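Hey, can you work out the whole structure from these sequences and the hints?
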Amino acid sequence: MDYDSLDKPLLAPENFNRNAIDLQRLPLEEVFHQLKTTPEGLPSENAQARLNIFGPNKLEEKPENKFLKFLGFMWNPLSWVMEAAAIMAIVLANGGVLRDRCWKEQDAAILVPGDIISIKLGDIIPADARLLEGDPLKVDQSALTGESLPVTKKTGDEVFSGSTCKHGEIEAVVIATGAYSFFGKAAYLVDSTEVVGHFQKVLTSIGNFCICSIAVGMILEIIVMFPIQHRTYRNGVNNLLVLLIGGIPIAMPTVLSVTLAIGSHRLSQQGAITKRMTAIEEMAGMDILCSDKTGTLTLNRLTVDRNIIEVFNKDMDKDTVLLLAARASRVENQDAIDMAIVNMLADPKEARANITEVHFMPFNPVDKRTAITYIDSDGYWHRASKGAPEQILSLCKEKEEIAGKVHAIIDKFAERGLRSLGVAYQAVPQNSKESLGDPWKFCGLLPLFDPPRHDSAETIRRALKLGVCVKMITGDQLSIAKETGRRLGMGTNMYPSSSLLGCNKDEIEALPVEELIEKADGFAGVFPEHKYEIVRILQEKKHVCGMTGDGVNDAPALKKADIGIAVSNSTDAAKSAADIVLTEPGLSVIVSAVLTSRSIFQRMKNYTIYAVSITIRIVVGFALLALIWKYDFPPFMVLIIAILNDGTIMTISKDRVKPSPKPDSWKLNEIFAMGIVIGTYLAMVTVLFYWAVRKTVFFESHFHVRSLGSNSEEISSAVYLQVSIISQALIFVTRSQSWSFVDRPGTLLFCAFVVAQLVATLIAVYANVSFASIRGIGWGWAGVIWLYSFIFYIPLDIIKFIVCYALSGEAWSLLFERKTAFSSKKDYGKEDREAKWVLSQRTIEGLLPSEIKTNKRWSSLITEQAWRRAEIARLGELHTLRGHVESVMRLKNMDISVIQAAHTV
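Note that the numbering used here numbers the sequence shown so that position 386 is 386, with each residue one more than the last.
These aren't lab readings, by the way, just hints derived from the structure by calculation. Computed from a predicted structure; not experimentally measured. Heads up, a few of these hints could be off.
[To be verified] Distance ranges between label pairs, derived from CB positions:
{"id": "1", "residue 1": "E29", "residue 2": "T356", "range": "48 to 56 Å"}
{"id": "2", "residue 1": "A408", "residue 2": "H167", "range": "33 to 41 Å"}
{"id": "3", "residue 1": "T356", "residue 2": "D157", "range": "33 to 41 Å"}
{"id": "4", "residue 1": "R234", "residue 2": "T747", "range": "42 to 50 Å"}
{"id": "5", "residue 1": "F698", "residue 2": "I628", "range": "13 to 21 Å"}
{"id": "6", "residue 1": "S118", "residue 2": "E584", "range": "38 to 46 Å"}
{"id": "7", "residue 1": "N431", "residue 2": "G404", "range": "32 to 40 Å"}
{"id": "8", "residue 1": "P439", "residue 2": "F360", "range": "19 to 27 Å"}
{"id": "9", "residue 1": "L807", "residue 2": "N343", "range": "22 to 30 Å"}
{"id": "10", "residue 1": "N235", "residue 2": "L787", "range": "26 to 34 Å"}
[As the list claims (entries may be wrong)] Lysine to any residue pairs mimicking SDA-like chemistry, simulated, CA-CA at most 20 Å apart:
{"id": "11", "residue 1": "K275", "residue 2": "R301"}
{"id": "12", "residue 1": "K368", "residue 2": "P150"}
{"id": "13", "residue 1": "K412", "residue 2": "A251"}
{"id": "14", "residue 1": "K412", "residue 2": "K433"}
{"id": "15", "residue 1": "K654", "residue 2": "V258"}
{"id": "16", "residue 1": "K658", "residue 2": "R744"}
{"id": "17", "residue 1": "K667", "residue 2": "C212"}
{"id": "18", "residue 1": "K399", "residue 2": "G271"}
{"id": "19", "residue 1": "K412", "residue 2": "N364"}
{"id": "20", "residue 1": "K654", "residue 2": "V237"}
{"id": "21", "residue 1": "K166", "residue 2": "N333"}
{"id": "22", "residue 1": "K519", "residue 2": "S498"}
{"id": "23", "residue 1": "K368", "residue 2": "Q391"}
{"id": "24", "residue 1": "K154", "residue 2": "P39"}
{"id": "25", "residue 1": "K433", "residue 2": "T356"}
{"id": "26", "residue 1": "K441", "residue 2": "T492"}
{"id": "27", "residue 1": "K138", "residue 2": "R301"}
{"id": "28", "residue 1": "K465", "residue 2": "S498"}
{"id": "29", "residue 1": "K433", "residue 2": "L395"}
{"id": "30", "residue 1": "K185", "residue 2": "H530"}
{"id": "31", "residue 1": "K120", "residue 2": "K185"}
{"id": "32", "residue 1": "K630", "residue 2": "F199"}
{"id": "33", "residue 1": "K154", "residue 2": "N364"}
{"id": "34", "residue 1": "K662", "residue 2": "S738"}
{"id": "35", "residue 1": "K138", "residue 2": "P362"}
{"id": "36", "residue 1": "K542", "residue 2": "K667"}
{"id": "37", "residue 1": "K667", "residue 2": "F199"}
{"id": "38", "residue 1": "K465", "residue 2": "K658"}
Ideal Cβ positions, reconstructed from N, Cα and C, are used throughout, including at glycine.
As structure tokens, this is what we get:
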């Protein structure tokens with residue numbers, strides 16, 4: 001292509017993407033054609049025109065008032081990290097660009113698609129580019145992807161803006177700059193993502209409910225007290241103050257914040273640092289966790305699957321083939337493959353034990369193998385080589401005879417996502433490193449894979465039992481993802497990322513993309529925008545979604561997710577975007593954090609039910625007393641109740657609780673319904689107590705205490721003590737899922753209750769405070785009130801059970817769904833009843849695992865289906881002929897290595 005062709009119109013930047021013109025995958029010739037450039041670079045005039053089309057090679061900086069941003073609690077360190085990285089790439093990435101047929105040193109900000117740039121050792125790559133002819137590069141992409149090792153890039157491969165050249169020198173053609181680069185797209189997604197936390201919404205809703213309840217009570221009192229009862233202004237205002245002071249849960253923000261803070265400290269001890277405290281509440285409700293594979297589910301290091309090593313030389317066994325491969329590996333300055341093979345030996349020193357190394361040929365892209373020439377302890381010379389199976393096979397004399405078998409095994413390994421490594425051996429009778437030696441013998445094939453963590457399989461099973469569906473999201477090939485899923489027992493219902501874009505119509509025509517994402521066990525070949533879309537769609541389906549990640553490319557999805565989790569050794573950008581940062585590797589930390597979060601959430605939920613109930617009991621109880629008997633309770637005593645009870649109730653943040661077995665969430669309708677029922681009951685108990693004290697002689701005749709009927713100050717003391725005791729005792733009911741006297745509370749909470757009520761009792765017994773309108777009632781009445789409160793405390797558990805049962809929907813299901821007369825099913829549900837009978841019989845016979853006898857414990861159908869798929873995958877892995885044979889041989893202390901053939905059912 002000559003310079004004249006550069007004058008033709010160039011397509012706008014939005015046309016270059018994976019769905020239209022994919023510059024990352026097109027052949028280099030087509031890339032030059034689409035970008036209308038040549039290997040000789042661009043003319044300056046043309047480059048200036050492109051700069052107007054594509055914009056400068058930098059991220060847009062939005063001017064803002066930092067002080068106002070701080071005051072608005074909108075401080076976002078993530079944008080600083082992204083901008084700092086972008087600025088660093090721009091400032092430090094000045095390099096050579098080919099303009100007007102000559103190399104120039106230019107500011108990276110003026111680069112445009114179509115420019116030819118030079119990349120050499122130590123350069124920060126200034127823009128996304130495709131490599132031209134030249135030697136392979138080693139590029140450090142850790143700042144972008146979190147990969148710990150440099151990756152090798154060859155001609156035609158893409159390199160990303162912000163990565164660093166660690167080895168080599170080559171020219172490249174720029175294909176994307178600024179906001180259209182890999183880095184820029186991630187920064188844009190992060191910047192454009194707005195996340196609204198659930199916690200603030202919940203606090204607002206609860207506050208609105210309490211305020212509305214108080215407002216209704218106050219309006220009712222105003223309507224009745226002044227126009228109808230003609231109460232004095234002072235008495236009327238005092239009654240309104242009682243509702244206002246006692247009804248507002250003034251301690252709620254403090255109690256919930258302290259609970260979250262203590263929970264955050266607990267999580268940090270478990271290896272999960274909380275950056276946003278309200279993420280604890282959201283993690284408790286998480287029902288789907290999208291987990292990265294490499295480094296989280298797996299160890300992020302290659303290893304050899306010793307069980308399925310294929311041996312081709314009848315004079316050798318698996319250990320001999322492995323030893324030859326180890327000898328053909330470096331023992332110092334190892335790459336990932338050398339390290340994997342040497343570490344498979346019982347002692348890595350065996351790789352050079354009893355031999356003398358004469359010559360070592362390192363790996364190179366042309367030969368694609370390594371080789372060692374060595375002398376054994378008897379003085380004989382040998383040569384061993386390992387490398388790409390095709391290269392190793394081509395060395396061997398018997399390649400024609402064994403080629404079919406070798407390729408069949410390579411294909412079998414590839415189907416399971418395993419990489420193959422060939423091993424060959426030859427004797428060197430000439431005793432010279434330059435000699436050709438005897439014919440090469442093909443020894444065997446080693447399967448390489450990234451092994452799962454030892455605890456990943458059990459952790460996934462625990463997560464499923466907790467109602468959290470784990471989905472594998474990986475950039476690796478589909479076959480590798482399925483093999484990892486099979487080894488982890490998490491199901492193999494996985495799809496390529498193209499399914500997310502609707503490219504494979506035949507594969508997903510039966511399911512819409514939204515349902516496909518819900519029911520899949522994972523996705524392979526995933527790009528950053530795919531992760532973002534997966535999270536967005538799951539959130540639209542009303543799931544609380546967690547996402548793990550470690551690189552800049554994961555930052556948008558981490559910020560979009562309800563719970564963004566940066567795994568250990570993540571980049572700064574990923575940590576900034578995440579809500580929780582893990583300090584330890586693996587998935588087990590996340591599951592432990594889920595359990596801890598549910599415990600924390602349980603404490604918050606228990607207190608919230610308590611607070612709503614107290615609001616209702618204060619409003620209803622004192623409003624009825626004021627409107628029926630014109631009783632004026634002193635506002636100061638309501639303040640004392642609030643200080644004593646709400647002040648000591650903060651100890652609930654250290655309470656003993658049982659975490660929910662399934663994802664928990666703020667079911668506000670249930671909280672409000674429970675609060676209304678229990679609060680109304682407590683109000684009626686207080687009204688009944690006042691009536692019995694004021695209008696009857698029940699307590700005087702049965703307990704032989706003096707009458708309080710004519711003394712309003714003593715009645716106020718009695719009412720104060722009764723309200724204080726049973727109100728704070730309510731926390732023991734709301735904190736327990738069973739009978740409150742069976743579930744032992746935390747020591748701090750119990751001690752706080754004892755101290756608060758001891759003070760309340762002393763005030764009621766001895767206090768004579770004229771401005772508070774109370775007078776001591778003595779220990780006799782105090783004992784009567786404690787007994788009265790205890791008797792009416794007992795039904796609270798029963799009321800709780802009834803309300804929970806009604807809110808669960810099982811009562812209405814029992815009435816309508818399970819009654820034959822109301823059934824709309826064929827033959828009145830005969831098939832369902834038969835299926836249940838068969839299931840029960842199979843369970844009795846032990847044919848089904850106990851975990852799937854019933855689905856009542858599952859939080860959703862999706863989790864149950866994931867559990868079943870995982871069970872099938874796990875049992876399929878265990879119940880194979882080979883697995884059974886190896887188990888028997890281990891049991892009998894026999895040598896497993898004598899089994900040469902691999903048989904799998």
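Status of the given 19 to 27 Å range, CB of F360 versus CB of P439: Roughly 22 Å apart at Cβ, these two residues keep to the hinted range, so it holds.
When you check the alpha-carbon spacing of K465 and K658, does it fall within 20 Å? 15 Å, holds
Starting from K368, check that the Cα of P150 is at most 20 Å away, please. 18 Å, holds
A range of 42 to 50 Å was offered for this pair. Does it hold for the Cβ distance of R234 and T747? With a Cβ separation near 45 Å, R234 and T747 satisfy 42 to 50 Å, so the hint holds.
Does the alpha-carbon distance linking K154 and N364 stay inside the 20 Å limit? Given pair K154, N364 holds - Cα atoms ~13 Å apart, limit 20 Å.
Taken at face value, is the distance from the CA of T492 to the CA of K441 at most 20 Å? 38 Å, violated
What's the verdict on K465 and S498, does the C-alpha distance respect the 20 Å limit or exceed it? Measuring from Cα to Cα gives roughly 31 Å; hence the hint is violated.
So does E29 sit 48 to 56 Å from T356, Cβ to Cβ? Since the Cβ atoms of E29 and T356 sit about 51 Å apart, the hinted range of 48 to 56 Å holds.
Hint check: K412 vs N364, CA-CA at most 20 Å. Holds or violated? Roughly 27 Å between the alpha carbons, so the hint for K412 and N364 is violated.
Indicate whether the distance between the beta carbons of T356 and D157 respects the range 33 to 41 Å. With Cβ atoms ~40 Å apart, the hint holds.
Holds or violated: K399 to G271, with C-alpha atoms at most 20 Å apart: Roughly 53 Å separates the two Cα atoms, so the pair is violated.
C-beta pair N235, L787: status relative to the range 26 to 34 Å that was hinted: 32 Å, holds
Checked against the numbered hints given earlier, the structure breaks hints 9, 11, 13, 14, 18, 19, 20, 26, 28, 31, 32 and satisfies all the rest.
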